[in-house]
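Taken in sequence, the protein lines are chains F, U and Y.
So for the first sequence, the working numbering puts the first residue at 1; every next one is plus one.
So for the second sequence, the working numbering puts the first residue at 1; every next one is plus one.
So for the third sequence, the working numbering puts the first residue at 1; every next one is plus one.
Everything labelled a hint here was simulated from the structure, so no lab data went into it.
Zero decoy hints are in this set.
Which residues of chain U face chain F? A partial, calculated answer using Cβ under 8 Å:
{"no.": "1", "residue": "Phe159"}
{"no.": "2", "residue": "Asn201"}
{"no.": "3", "residue": "Leu207"}
{"no.": "4", "residue": "Leu208"}
{"no.": "5", "residue": "Pro222"}
{"no.": "6", "residue": "Leu223"}
{"no.": "7", "residue": "Phe270"}
{"no.": "8", "residue": "Leu374"}
{"no.": "9", "residue": "Pro381"}
{"no.": "10", "residue": "Ile404"}
{"no.": "11", "residue": "Ser411"}
{"no.": "12", "residue": "Pro460"}
The list that follows gives simulated cross-link-like pairs (lysine-lysine, DSSO-like), each with its CA atoms no further than 30 Å apart:
{"no.": "13", "chain 1": "Y", "residue 1": "Lys101", "chain 2": "U", "residue 2": "Lys350"}
{"no.": "14", "chain 1": "U", "residue 1": "Lys107", "chain 2": "Y", "residue 2": "Lys26"}
{"no.": "15", "chain 1": "F", "residue 1": "Lys296", "chain 2": "F", "residue 2": "Lys579"}
{"no.": "16", "chain 1": "Y", "residue 1": "Lys65", "chain 2": "U", "residue 2": "Lys65"}
{"no.": "17", "chain 1": "F", "residue 1": "Lys445", "chain 2": "F", "residue 2": "Lys100"}
{"no.": "18", "chain 1": "Y", "residue 1": "Lys22", "chain 2": "Y", "residue 2": "Lys107"}
{"no.": "19", "chain 1": "F", "residue 1": "Lys296", "chain 2": "U", "residue 2": "Lys429"}
{"no.": "20", "chain 1": "Y", "residue 1": "Lys112", "chain 2": "Y", "residue 2": "Lys21"}
{"no.": "21", "chain 1": "Y", "residue 1": "Lys112", "chain 2": "U", "residue 2": "Lys152"}
{"no.": "22", "chain 1": "Y", "residue 1": "Lys21", "chain 2": "Y", "residue 2": "Lys101"}
Across the chosen pairs, the derived CB separations fall in these ranges:
{"no.": "23", "chain 1": "U", "residue 1": "His290", "chain 2": "F", "residue 2": "Tyr403", "range": "51 to 61 Å"}
{"no.": "24", "chain 1": "U", "residue 1": "Asn434", "chain 2": "Y", "residue 2": "Leu12", "range": "54 to 64 Å"}
{"no.": "25", "chain 1": "Y", "residue 1": "Thr102", "chain 2": "U", "residue 2": "Gly69", "range": "41 to 51 Å"}
{"no.": "26", "chain 1": "U", "residue 1": "Gly69", "chain 2": "Y", "residue 2": "Asp104", "range": "43 to 53 Å"}
Computed from a prediction, not measured in an experiment: that's the story for all the values here.
Where is the CB? At the ideal position from N, CA and C, for every residue including glycine.
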Amino acid sequence: MVEIMISIPVIFVTIFVGAILTYLIKLIMPKVEAYFALLVSAATSYMAFALPKTESIYKFNLGSFNLMWGNNEYSHLFAMLVAVLGFFVVLYSMDFMAGKVNLGFYYFNLLVSIGSMLGIVYSQDFLSLFIFWEIMTWSSFMLVIYAQDEKFSVGIKYFVFSAIGAYLLLTALVILYTNSGSFLLEDNINNFIYLSSQNQILVIIFLIIGFGVKAAMMPFHVWAPDAYKAAPSSFTALFSGALSKMGIFGIGLVLFKFAIQNTDYFTYFQFALAWLGGITALLSTFYAVFQTDAKKLLAYSSIGQLGYIIVGLAVGTPLSIMSALLLTILHGAFKAMLFMSAGAVYYRTGLLDMNETRGLIRKMPLTFLTALMGIITVAGVPPLGGFVSKWMLYEALIQSNYYFLVIIIFVASTAAFLYLYRFIFSLFLGQEEKEFENVKEVPIKMIIPMLLLAGFTLAVGVVPGFVLEQISKAMGYLGIQTPNWENSVLFSNWENSSVNLMSVATSIGILFVLGAIFLTIKNYRSTRYVTTKDIHTSGEVPTENENLTFAVNFYQPFERSLGSVIKPSIDRIFNLIGKNIESAADYLRYIYTGNGQTYAMYVILFFVVLILFADLMFGFKF
Amino acid sequence: MEFSPVHYIAVPLFAAFLIPLVGKVSKELVKLIPGLVLLYLSYGSIMLFPKGMENPIIEIIAGFKPPFGIALYYGATAAFLVTLVTLLGFVIWLYSYKFIIREPIEKYYMLFMLLITGATGIMLTGDIFNLFVFLEITAIASYSLTAFLRDKDSAEAAFKYLLIGSFSSAFFLLTVMILYTYTGTLNLADLASKADMIPANAKGFALLLVIVGMGIEAEIFPLNGWAPDAYSQAPSPIGAVFAGIVVKAAVYAFIRIIFLFFKTPEVLHFIVIIGLITLIIAEMAALRQHQIKRMLAFSSLGQMGLVILALGIGTTESTSAALFQMFNHAVIKAMLFFAAGYLVFHSGSKLIDSVTGLGYDKPITSFFFSLGALAIIGLPPFSGFWSKLNVLISIASEGEILIIVLILAASVVEAVYYLRIIGKLYTRKEIDSNPRRTPISGLLAMGILAIVIIVIGIYPDVLTQWLQPAAENLLNSEEYIQTGLF
Amino acid sequence: MLYYIGAISLILIGLYAVLVKKNLLKIVIGLAIVDSGLNLLFIAIGYVKNATAPIFSSESLTADKMVDPVPQSLVLTAIVIGLAVTAVALGLVIRLYDHHKTLDINKIRQLKW
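One chain only, chain F, in its complex shape (with noise of 0.2 Å):
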């Protein structure tokens, strides 16, 4: 009985009638909301997770168009992501989100959003994909403006690249749409070659565009930071973790069934977008380093992720696109952690700007954990997950003979250790501050969510087989051959001389825990416990509440000699072209000059002008 119930109608019937349900049940019962919505996600996370692969295809139609849903590799991967983080979400939110205001509003969004994100992947056409992909685009506007005053508005910002991006994806759809006559994936995918050149490449052009904007592709980007911030944390988890991998969801659909058919410019695209993706990954950390606030310096890092996913999508051997799909899964794992944790941090003491946050290791040891472990998946150091999916970047990138990408994927990756660190430190290092003195940790049901994120990051880094497995299938949806991770030189018993390079990476790592638990429990007895005060600064003491660690103007020599290349951003000229258009309507707005004389005149001129060209307009003459 159970496998019947489970479908896709059935998991959307539960989301959305159950995000409308935690509306209503706010207005009645307040407080009962937050467990309510908790129960929709995880009963919907558990029919993600139960539903039959493949087989499970419902079609119907709607507006005389054919539509269809189904579950198959690729999805399920994506839907497994959406439904984790979904349920750690909602569960994160109960108390981080406890005592504010509009909660049937935020919980009514964040369910809407999760079931829409569903939808995406679920879709088998792609008229239901763009419509699930519009719910989940006002509803996370509706989270982000959700929390905005009247100082901080940046939803419209969030929004108009939203619709940029939607609205060239639609573009495309039509234009498929009236060459297939159908808007199942499937038709499109098979009668993509009767499109005139010219019309596939338009199509794939605004598909990626589209697509890629909700990725935070560069030069679309500039929504991401501000909207990441602006969004509660909770929902950010969300957002950077699932949400932003529905344009990685689209890309790779796009690249491996559409592009790959238009044989004459498909490497002309994989090459376009493997340097987009590596500038991404390039200047958003260069961004990044520069931010005084956590969440921000969180979102560009996100954006920098998701050029390597970019990166590995667009080389296209089979080998990068795993390391992507497996950094897809990742990211939307320990983005969720730093997130969380920054969350944390906020929902103790009410702060995100890094300059005036520092010392809270004691305070929330936890939180601490999870942050590290979540810089540490970042950075790409074994044995958590990140150093897997890094190699297998780098590894492909050699093989298909991107040096210089190389070269410039390593330098963002590098340059990521000095956000990490300015993160981690000055979030939790230094000297304790007095004002945090009251500051605890959060409570467990935040707790729960980051560290089991933790473990996870954990678990790909040593066994990364079961995350493996899964993309392989995947990949298999997608038409890439032989997913022959096995053959990674990370992987391979490297026959004669049989090293294996994973379990090295993994015992240097077990290794350095071992002895930072071994130096940790020798120095335990030997070491003194000293605040910092307790120094002496030129036979001065100083008093209790002189501070002495300073996150204040971190990287200050770094920002005075590369500022000036990174400053003049593309958000500036994104502000511009977005004046420039404003003041044009304000100009045209003068042509309704509010003289009803002027208005009759319009008449006449526009009647005369009629006449003129009457020839050339109706082809007659007087």
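Since the structure of chain F is provided, determine the placement of chains U and Y on it from the hints.
Relative to chain F, chains U and Y alone:
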């Protein structure tokens, strides 16, 4: 008594005369009469609708058969639009019930009834001079209703409307003259069958006159200067009437005449371009408006530009998409005007900035406004999405990718100014909680429209099945001539 | 022909008043003149030389001796409509004068842009 299309005109006209008399007795009754009338008409519409969809009903007035007498032509397109008008009219009445508290109430309802008469008359009539008369009835009622609030600005808006509206009627009268001179008939079907009798240059001149004359009412670009003023200064329910009913009737008449007499590729091409220009300029102008209702007015112009554009494509798909868009625009814009009316009322200012934070103080009204805004931008799962999609598909099948891109660029602009308001609504700000609440009748009216928007958004097939016959009826002038003349 | 010229020149005179004159009253008068011109034009179209009114007053009167009755009836309607519009217009002008204390159309432009 069986319902016949004549009732659409006769009943509200009679009510319009009755209302001032009743006003001497009871104010409450004055308020109720239009509701009853519209309820009756809505009921009749629903009864008559399936019949009209199948075969056009020709209703002869005063015993003379066409082409001599005046006939009403209740075809599929008219059935679709008239049903829309009566149902929407009822909702607008519901909203007005508590919204219009300023005297003279009986005049308001009298003019409102006249507007309904005029609009349904435009859609139903089969006689070109009759069309002129109904246009004028609509116009005069609109002028007066624009000035209903009696303040400085509404008088100004009404005067501009009147000035330009007079041009419209003059141009249209000239068209009637030319057509009559060469064919000797006024019946539309008869005229269309004799269109070949008109010499080319006279026909061309008539075309230009129609474009200008009807273009003013249909709000195409350089002729729509009056519209933002009138929309924004009229009482909010009347703004909804303008956007939902009056302009729909005008566009219908415009396109009907064009399709009957002047359907050449060049003319259609011209209509597409003029629609596109209207759309783009209106959206750009809306971007920098400071008043909500004025912004809604410009948005309305833009939407009608889109409708006209789609009609100009001239295929069955595009025409049905355009009718769909008309329907959606009527419903959604009515809801936006309703919500904006109370937002203005609650905040005490017409300015967009003054709604800041109202989303928390007046959640339901703000919710309806946001819903309408999302729907009109064309976001799923709301009704606006489907019509926009259909419009785009119909354009794409003609291969006009550039037009699609331009439409969508305009849509981005549209999204900006609507979401700016949503953003403001839900921006946190300390405001003095206003004890005034949106009355039940207003909420009910908006609720009905919201349900329509969502239901059609989720399941568009409710509506789309009727669009095809309506579009074919509008496009097929042969059929119109045959059925119109027996 | 003369009728046509007369009617068209009336229209043009009215148009001149509407487009050039700044005084609201003159504009309204202009509109009325345009209306009259149009009505005259329509009558002129239906005019048959040396014909009489389309009333069957005597047996010998046949259809070709009568002017076309349709334009006349239409013009009657148009005159009524024109009257109504003029009345509304004058009402609005009065109200505008009350509010603005001027009749200059250039000064009455609160609603713009």
